[in-house]
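Each chain, letter by letter, is given below.
Protein chains: 2
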Amino acid sequence: MKFSPLFWPIELKGKFISILDETKLPSKVSYIKVRDYKGSCRAIKEMKTRAVGQVLLVFYTFLLEAKKIKRNKNILPVLQKVAKAINATRPTLSFKFMTDMVLGWVATGKPLEQSILGFLEMLKGRRIKQAEEASKLILDGDTILTHCNISGLMPLIAEFCRRQKKKIKFIVTETRPYLQGARLTAWELKKGGFDVTVIADNMVAHVLGEGKVSKVIVGADHLTKNGDIANKIGTYQIALLAKHFAIPFYVICPPPSSFASGKDIKIEIRPEEELLEFCKVRLAPKGVKGYYPAFDVTPSELITKHIHLGVGK
Amino acid sequence: MKFSPLFWPIELKGKFISILDETKLPSKVSYIKVRDYKGSCRAIKEMKTRAVGQVLLVFYTFLLEAKKIKRNKNILPVLQKVAKAINATRPTLSFKFMTDMVLGWVATGKPLEQSILGFLEMLKGRRIKQAEEASKLILDGDTILTHCNISGLMPLIAEFCRRQKKKIKFIVTETRPYLQGARLTAWELKKGGFDVTVIADNMVAHVLGEGKVSKVIVGADHLTKNGDIANKIGTYQIALLAKHFAIPFYVICPPPSSFASGKDIKIEIRPEEELLEFCKVRLAPKGVKGYYPAFDVTPSELITKHIHLGVGK
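Protein chains in written order, with my numbering: chain E, 684 to 996; chain U, 684 to 996.
Pulled out of the complex, with its shape left as it was, chain E reads as follows (with noise of 0.2 Å):
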């Protein structure tokens, strides 16, 4: 099997973590080094990794500070301090949920570098198998809209329509303000040798008005228990606009949390520099503000399928 880089962005070697800077891409693959818990959170903050890319670092920063702690001493109280220092980087991310897996395998007593191993083959392995769930969706001829970036996963879903020999293509939402669409997703799907075609944000009507699109597929960063879903901002129009064209929408989820529905969800805002600024050129002209709320919720009801990873199950 092939996998995108973003499938596996972050990789435990020795003293150090390395983490693919996506923030480069598509122009630079490079990796970044960091060496404790506090140069994650930046690398987290700064959105260095994304997605599945802050969960394999989260697993990755504690079996990296646990490595440093002496034999016979208490790892508890520092793994505690990384956890909180973790949960305080971004708010909408449901990253509680993973730190206090972690403390729950300190509590068992058992080698937590096995605990953490075991659960990311378990997760690779399930990952894997969601991507080929999704890919029994896909029919011959499909023309599948995505948005942002699912870490890996949609050229490993095209992978498998390929194996099951239907021709398929992609539409991509650059999805401003960061563009994961046009610089990541397109980037995988076209280094995978998949037809893709970027469009805008605000294409999405008309394209799917012209019958474009057959089905439309998006992650998620946070399912709740009632199955609504916090994604990436834009998603929730995308969901809204398939709905009215009669489309499909599919949404590819992380586990659940103990949120009971998308309205506890917090909405991270982000830096307005972040919208007002690209490639260090103003767009709008001093004084006038921005609003970048990271993410938004789509209600369960708008989704046509979830397509569950399986952990814990």
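Hint data in this document are derived by calculation from the structure and do not stem from the laboratory. Misleading hints may appear alongside valid ones.
To be verified - Here are the computed lysine-lysine pairs in the DSS-like style, where the Cα-Cα straight-line distance is at most 27 Å:
#, chain 1, residue 1, chain 2, residue 2
1, E, 850, U, 972
2, U, 972, E, 707
3, E, 895, U, 972
4, U, 963, E, 707
5, E, 895, U, 926
6, U, 972, E, 898
7, E, 963, U, 963
8, U, 972, E, 874
9, E, 874, U, 969
10, E, 972, U, 756
11, U, 972, E, 852
12, U, 751, U, 698
13, U, 926, E, 946
14, U, 963, E, 874
15, E, 711, U, 969
16, U, 698, E, 972
17, U, 721, E, 963
18, E, 898, U, 969
19, E, 972, U, 898
20, U, 963, E, 969
21, E, 969, U, 849
22, U, 895, E, 969
23, U, 852, E, 898
24, E, 972, U, 711
25, E, 707, E, 721
26, E, 963, U, 926
27, U, 895, E, 926
28, E, 949, U, 898
29, U, 874, E, 969
30, U, 972, E, 711
Keeping the supplied structure of chain E fixed, place chain U upon it in accordance with the hints.
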């Protein structure tokens, strides 16, 4: 009355036409000189000026070319050539309506300068009236969402509201890929002293869902007989989302064309580089395709009220 530079961005100055170069805004307020219809057509194609700027440019171009023709010479063949070149510049915009008007005036035998300048004076008066009409729909405390740029009318509407002692705010979509919202509308509203916040085009549903917007007002490049409009790409999905959230959707219209409905409008597809590159930085990797329809059609039933220009009535 205070006017935005975008309200009347073209002037005929003796032997040349002065064009406010909108591609340089907001960082630089600069003017281009053109000395013949070929220069005008190039400026239209390169979108140095848009919307009303293009309308003014069409009329001033005829005036410029007519002035070059020696007395006693038949000006019709020359102006027919000019009309043909102008009509070929952009498929969605109905320049033909205007070029036919000018050729019609020539046929009357009345001095062309008088006809053109008289028409432009009337146009100016009616645009001011149109802004005043729009301002009457706005209530104290309203927040107006707008898309792209309506050539100086939005600050004029705001100015009328200010005189009527209504406090209002604006939310402007940045309007990818050309960023007319961030670069032009936010600039002219800020210049006029109004409260303006820029959002990305993919944030509309989220912002409407938050209850932040009380009315949507957009312009139109084309109005057909049945009330359908063509406007900057992205207008259609904003109309669909406004409908979903039961928010009034108002359109500042040009005079109607002879087309029966929006189905008759051919949508201009612009070069993919305009979408895939920004400030010479490539956003998506080489080999990835881009699709850039410049306009979309919003059907009449999504429009709460058409605010007509009244020309021809």
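Quick rundown of the hints versus the structure:
With a C-alpha separation of about 17 Å, the suggested pairing of residue 850/E with residue 972/U holds against the 27 Å cut-off. Pair hint residue 972/U plus residue 707/E holds up; C-alpha atoms about 20 Å apart against a cutoff of 27 Å. Distance restraint check for residue 895/E and residue 972/U: the Cα-Cα separation of roughly 15 Å lies within the 27 Å cut-off, and the hinted pair is therefore satisfied. For the proposed pair residue 963/U and residue 707/E, the alpha carbon gap of about 16 Å is at most 27 Å, so the pair holds.
Of the pairs offered as hints, the one joining residue 895/E and residue 926/U holds, with about 23 Å between alpha carbons and a cut-off of 27 Å not exceeded. Of the supplied pair hints, the one linking residue 972/U and residue 898/E holds, its CA atoms being roughly 19 Å apart against a limit of 27 Å. Annotation: proposed proximity of residue 963/E to residue 963/U holds, straight-line Cα distance about 13 Å (limit 27 Å). Using a Cα cut-off of 27 Å, the hinted pair residue 972/U and residue 874/E holds, with the two alpha carbons roughly 13 Å apart.
The straight-line distance between the Cα atoms of residue 874/E and residue 969/U is roughly 11 Å, inside the 27 Å bound, and the hint therefore holds. Distance hint between residue 972/E and residue 756/U is unfulfilled; the C-alpha atoms sit about 56 Å from each other, more than 27 Å. Distance check on the hinted pair: residue 972/U and residue 852/E sit about 11 Å apart at the alpha-carbon level, within 27 Å; holds. Of the supplied pair hints, the one linking residue 751/U and residue 698/U holds, its CA atoms being roughly 9 Å apart against a limit of 27 Å.
At most 27 Å may separate the alpha-carbon atoms for a hinted pair to count; residue 926/U and residue 946/E meet this at roughly 22 Å. With a C-alpha separation of about 22 Å, the suggested pair residue 963/U and residue 874/E falls inside the 27 Å cut-off, and the hint holds. About 13 Å separates the Cα atoms of residue 711/E and residue 969/U, which keeps this hinted pair within 27 Å; it holds. Between the alpha carbons of residue 698/U and residue 972/E the distance comes to roughly 41 Å, so the proposed pair goes past 27 Å and is violated.
The suggested pairing of residue 721/U with residue 963/E is violated, with an alpha-carbon distance near 35 Å, which exceeds 27 Å. With a C-alpha separation of about 25 Å, the suggested pair residue 898/E and residue 969/U falls inside the 27 Å cut-off, and the hint holds. Distance hint between residue 972/E and residue 898/U is fulfilled; the C-alpha atoms sit about 19 Å from each other, no more than 27 Å. Note on residue 963/U and residue 969/E: the hinted pairing holds, with a Cα-Cα distance of about 23 Å set against a maximum of 27 Å.
Between residue 969/E and residue 849/U, the direct Cα distance comes to roughly 25 Å. Compliance with the 27 Å bound is thereby established for this hinted pair. Restraint check for residue 895/U and residue 969/E: satisfied, since their Cα atoms lie roughly 23 Å apart, inside the 27 Å limit. Taken as a hint, the residue 852/U and residue 898/E pair is broken in the structure, with Cα atoms around 37 Å apart against an allowance of 27 Å. Restraint check for residue 972/E and residue 711/U: satisfied, since their Cα atoms lie roughly 20 Å apart, inside the 27 Å limit.
Between the alpha carbons of residue 707/E and residue 721/E the distance comes to roughly 21 Å, so the proposed pair stays at or under 27 Å and holds. About 37 Å separates the Cα atoms of residue 963/E and residue 926/U, which puts this hinted pair outside 27 Å; it is violated. Under the criterion of a C-alpha separation no larger than 27 Å, the hint pairing residue 895/U with residue 926/E is consistent with the structure, at around 23 Å. As the CA atoms of residue 949/E and residue 898/U are separated by approximately 26 Å, the hinted pair is consistent with the 27 Å bound.
The suggested pairing of residue 874/U with residue 969/E holds, with an alpha-carbon distance near 11 Å, which does not exceed 27 Å. For the suggested pair residue 972/U and residue 711/E, the alpha carbons sit about 20 Å apart, so the restraint of at most 27 Å is met.
When the structure is compared with the earlier hints, violations turn up for hints 10, 16, 17, 23, 26 and for no others.
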